[in-house]
Every structure is written in C-alpha cells, then in structure tokens.
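Peer 1: In case you want the letters, here they are:
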Amino acid sequence: MSEKNKLKEDIIKHIDVSVKNGLDEYAFLEEFEEKLKKYLEGRLK
Amino acid sequence: MKATLKIENIGQNIGLQTLSFNSGVVTLLQGRTAAGKSRIIKSFALALSYPIKSEVLIEEGINFGILKGGEAEYLPLVNSSMEIANIELLYDDVNRKVELFRDGKIKINTPGNQKFLYSSMLVKNSRIHNYITRGNADFKWIVDEMSLAKDYEKILASIDYQLKDLESKEEEIDQKKVLIEKKDKEKKEKESEQKRLLTKQKEKDDEIGRYKFDPKIIQEENKISKELDSVRKALKETLDTKDNYEKEIEALKKKVDVDKLIEEIKNKQKAKEKEAKNLKETKVEDLQKEIIEIQKIKSKEEQEKVKYETRKQLWEMVKIEEGNICPLCQSVGKITKEDKKLKIDEYNKYIKEHQLKIKELAVQINKKQDEINKKAKLPEIEKEISKFTNQLKHILLESEESTLKITQLSLKIKSSGPRIKSYNEDIGKYEKDLAAIQLKKQEDVKYQKLKNEKSKIDQSIGSIKEQLNKIEKTINDAKSIEVYNVKINNLDIAKNIIEELLDILNETRNHLDKKITEQREGAAKKFNSSTENLIRELKFDTFKEIYLDLNDYRLKIIGNNDDTQELSSVSGGEKVIISSLLQISAKETYLSEIPFLIGDEIILDLDPERSEIFLKYLKKIAKEKDWFIILTQINNEDLTITEL
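Heads up: the sequence lines are chains W and R, in that order.
For the first sequence, position 12 (counting from the first letter as 1) is numbered 12 according to this note's numbering, and the numbering increases by one without interruption.
For the second sequence, position 350 (counting from the first letter as 1) is numbered 350 according to this note's numbering, and the numbering increases by one without interruption.
Because the hints were derived from the structure by calculation, they are not lab data.
Virtual Cβ for every residue (Gly too), placed ideally from N, Cα, C.
One or more of the hints may lead you astray.
As the list claims (entries may be wrong) - Simulated coverage check for chain R against chain W, where a stretch passes if three residues somewhere in it have a Cβ under 8 Å from a Cβ of chain W:
| # | region |
| --- | --- |
| 1 | 57 to 69 |
| 2 | 478 to 486 |
| 3 | 611 to 620 |
Said to hold, decoys possible - Simulated pairs of lysine to any residue, SDA-like, Cα-Cα distance not exceeding 20 Å:
| # | chain 1 | residue 1 | chain 2 | residue 2 |
| --- | --- | --- | --- | --- |
| 4 | R | Lys154 | W | Asp10 |
| 5 | W | Lys35 | R | Leu502 |
| 6 | R | Lys177 | R | Ala478 |
| 7 | R | Lys487 | W | Gly42 |
| 8 | W | Lys20 | R | Leu156 |
| 9 | R | Lys539 | R | Gly559 |
Put together the whole structure using the sequences plus the hints.
Peer 2: Below, the structure is given as structure tokens:
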C-alpha cells in the first residue's frame, strides 16, 4: 500500500475512533495535523 | 430496582429531603402548585443529564430552569437563601452526586447524558414539544443530536479549513513561480546595467589616473591665504600707525611754532606793566585836589552860563517898541528887532562856550575819578601780569616737549619704512604664489568633476548591487514555502505533495460526507422504526404513520386515509401525543440505558381515553424495561407519591 493510501486510511480510522470515543476537537486537530506533517516530512526525505 | 433521591436546599426546600422510587412502575407525584413536584423532576433532570455541552441542549436546560442563563442571576435550582445545594441519586449500582453553587457552578461525581433532556423529559417546555406545538417540522437537529453526525460535521469543517489552507498554498506556489520569473528577468536587466556601469567606472578610473593633482595644494593655498591675510593686516596696522604719527606731528608742530603767540602775550604783558607802573605813580590825594580845583572852575563856568542865560531870558522878554528901556543898562532908547537878535545870539554864544567848558571840565573830573578808580584795580592787573608770565612759561615748556615728541615720532615713522617695504614684498610674493595655485586648481576642477562623475557611477553600482541582493533574496524566499511548519525548498515538489494532501483530504471529506449521511439516516431510520412500533403499540387511530423524511429530516404525518397532514393542522392533544411519541422513540432508540422517564401533567391532561391508553403503555414499558417512570399531576393537596 502506498504511503498516501496508508495516510488516508489512518486519518479515516482516526476520525472514526475520535468520534466514537466522544470527540475532543482540539486533540483531534492536533493529532490530525501531526499526521499530515509527518507524511510531508516523509515525502521530503 | 429502587432509586433514592436526596435533595438539599433545592428550590423552596431548605434542608434534606429524601424520596424513594421503584422501577417497573409508574410513580405519580401529586400536589398543589409549589408543593415540590417541580424541584423533584428538575433534580432528576440535572442529575441524569449533566454535563450539558450541546448549545441546543444548554438552551433546553435553561428553559427547564436547571441551568443558569438568560435573565437568571443565580442558578435557579439553589434555594435563594442558600449558597450551595446538593442532589444525590442512587439506583442500581449508580450513585450520582451533584453539587450546585449559587453562582452557577455545578460539580458532579459522574457524568450523565445530555440526551436525557430532550428524550426523557416529557414536559411542556421541552424542545420537541415546543417544535410540535409551534408547527415546526424541521427535525434535522434531533437526528444530529441522536447521532454522531454533529461530530463528523465538526471534523468536516476542520477538513474544509485544511483544504482551503492547502489550496491557498497551491495558489501561493503559483504566485511565487510568477514572481520568480519576473524577478529573474529583473535580475538579468540589473546585471546588464551593472556590467555597463562597471565598464564606465573603469573608464573614469583611467581618466582620473591622468590627473595627478596633489591634494596638498589645497592645504598650501590655505596656508598662503592665511599668511597673506596676516601680512595685509600687519601692513594696514603699520600704515595706520604711521598716519596717526604724521597727524600727531602736524598737531605738535602747532605747539612748537609759538614765537608770534609769545610776542603777543609779551606785548599784552608790557602794556599791563606800563599801566601798573602808571597806576603806582598816580597819587590819589593829588588827583582829588585837582578834581576840587577843576570843580571850582566848573562852578564858575556854570555861574557864568547861568548869568548869560538869565540875560538872554530878559532880552527875550523885551517888546520891540519905541522907548523901551534896556533891561540891563536901563537906558531908554529905541531897541530894534535886530538889536534883540544880536543880543540873544551873543548870549547864546556865551552860553555855548561855557557849556563846552563845563563839559570839558566834567570830562577832566571823570578822567581823574577814573584814574582814582583804576588805582584800586592795581592788584588785579598785577595778577594778570603774573598770569601772562606763567602762560609764557607753559607755552615754552610745551613747545620743547612737542619738539622732542616730533623727533621721536619722526624716528618711528622712519623706522616703519623698511617694514612696510618688507610687507609689500611679502604680499607680492604671496599673491604670485596664489595665482600659481589658482592655475593648478583650475585643473583640479576638472579632476573633481571626474571624481564626482565616478562617485555617481560608484553609487549607482552600489544601488544596483543592493537591488540585486534584494532581488536575490526575494527569489530565494520565493523558492521555498512552509506547509504545516515544514519548509519546502522546491516549489514543484511542494506542489506535488500539496496535491497529494488535497487528494487525501478530499477523499477524507467524501468519507465524512458519507458518515454524516449514514449517521443521520441511521438515526432517523431507528427513530422511525421506534415511532412505528410505538404507534402500533398505542393503537391510536388518529395517525397511520409518523416518520422523519430521510431526504430533509422533516416530520411527516400520514393520516388514516393515507393523507399527509400538516403539523399545524393537528389538534393540541394530538400534538402532545406526537411530541411524547417522538421523545419516547428517541429514548428507546438512544438512551434506554438510563432507566428514567419523567413526565409532567401533559400526559394525564390528555382526554381520558388517550390518557388511559398512554398510561397503560407507560406502565407496560416500565415493567418491561424496568424503568422508573415518574409523572406529576396538579391537585389542591400537599405532595403525595403514589405508585400506579
């Protein structure tokens, strides 16, 4: 699976888990942006 | 199952009140207004729903009077004379404790479920009841509240924000590329300009090299100018001094040439000495005697004069007639007019002669008197003589001094001659030197002009260098972009990654859209199914079907004749039934784990037939689900708690 697809699945999973566990918007956003940042950094390597 | 509700300082009640309830039955709270029914159901509501986070439900909580808000200054549940109130609800193995503070703060030991408010409180001012009674069929909110759609929507909003942000980054990259292109072009132009100026700068440098102007010449010029000024000043001072000496000599010469003046003074002195000598010789007694003698003569003359005047008068009185008598000799005879005239003339002559003599004598007397008077002035004259002597001495002394001073000044004038000559020679030399420098300076003007031109070229080169640096910086800055705080130094790579992220986010967005729809539809379907069962169970003949339309989540009411009924057209009692049905459906679907259902008089206020059907149903589900169903009813008695 490509990194892109991995990230996509990871995000969707992250969304579903966050909602299921009672959404904490700020924590979600922080983690979400961190995922995007990590992907970006990985792409730049 | 038993439930115990302990309330302290709630509403109008001060102190602890403990109430017990059984599950599986419908419990009826009856009592007059302000008997305490309301504080009991509000205590259940707060204990089972708090914390309330949804804005829609906070509004619901304020409406119920369990949260501070609106115009309420204090938390309405706390007794107005108390600062703190407590609620404790125990059932099964659950123990909920709520501490209420007058200022609005609420502390809990374990969280409730905010959905309890709209699903388990069958009261007149509940949100669902209000929607129904106002004829508002839009129930998307309840679908959102019952499902996770709202949370997914929140995430969707965040994703949209991220998408927008990344799209703007994409735009920024495009703008940066345009900027880099523009700046590259600008850079080339500036570099070409710089090259041209550098050539020009070299040409000027070569040209300047041909002028070997010694900058020391300016210092020399300043030095000579200063010396020239100094010599000119000294010459002027010397000439001025010489002039002053000459003027002084001219003035002194007047004091030296005093012979005439001395002669004049000596003559005056001699005259005075002579006068003094005469006066000294003059004897006052002799003069006085002479005056007496002269006065005697003068008296005689006066007498003579009087005698002739008298005779004259007599002759003047004679009348010219025959036989007149001579007034003097008394002889009778003829006196003619001529005779009279001759006589008067004769007397006039005598009078005149005597008059002259008298006058002459008076002059002599005066003279003599003057001499006497002058004699008195002798000391004064002698003083004047002495003054003349002093004057002569002073003039002679002054003359000698002046002669000496003239000699001295003449010597000084003579001595200034060589100095003046030397000064004039110096001035001539300096002026010649300056003229030579001026010639050199004319060449320097050309040199300076060249230097200025070169300086301008240098400045332009500096400015272009600065501009090139700025352009370089702008290009370098434009070559990178920051995404999620990561600096990417290649715009093409950045654009590719952003596009990948946009793909991921768009797909995530699609997932969210799907989830939101699923959540709403799922909630609505469950709700509809529950409502359908309920209608079937209650066997109300008024409606065939009540459901939420899955397209717009509006409430649809289908009558027994399969006709769609407008919410505004159904009766008040039917509206109560619909709202109660919806709430119970919501509870059965999403909140069956909290075994409490609270209803105030709205159900028992229905017409007896419907009220009985409803009550029968509530008793049934209380038993089936082992719920605590608590209803209130108003009467004129004190509060009573009865199990139905």
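Peer 1: Now tell me if each hint is right for this structure.
Peer 2: How the hints compare with the structure:
1. 57 to 69: violated (count 0)
2. 478 to 486: Holds, because 4 residues of the region 478 to 486 of chain R bring their Cβ atoms closer than 8 Å to Cβ atoms of chain W.
3. 611 to 620: violated (count 0)
4. R:Lys154 <-> W:Asp10: Since the Cα atoms of Lys154 (chain R) and Asp10 (chain W) sit roughly 18 Å apart, the hinted pair holds (cutoff 20 Å).
5. W:Lys35 <-> R:Leu502: holds (14 Å)
6. R:Lys177 <-> R:Ala478: The given pair, whose Cα atoms are some 7 Å apart, holds under the 20 Å limit.
7. R:Lys487 <-> W:Gly42: holds (13 Å)
8. W:Lys20 <-> R:Leu156: holds (15 Å)
9. R:Lys539 <-> R:Gly559: holds (13 Å)
Going down the numbered hints, you'll see the structure goes against 1 and 3, while the others check out.
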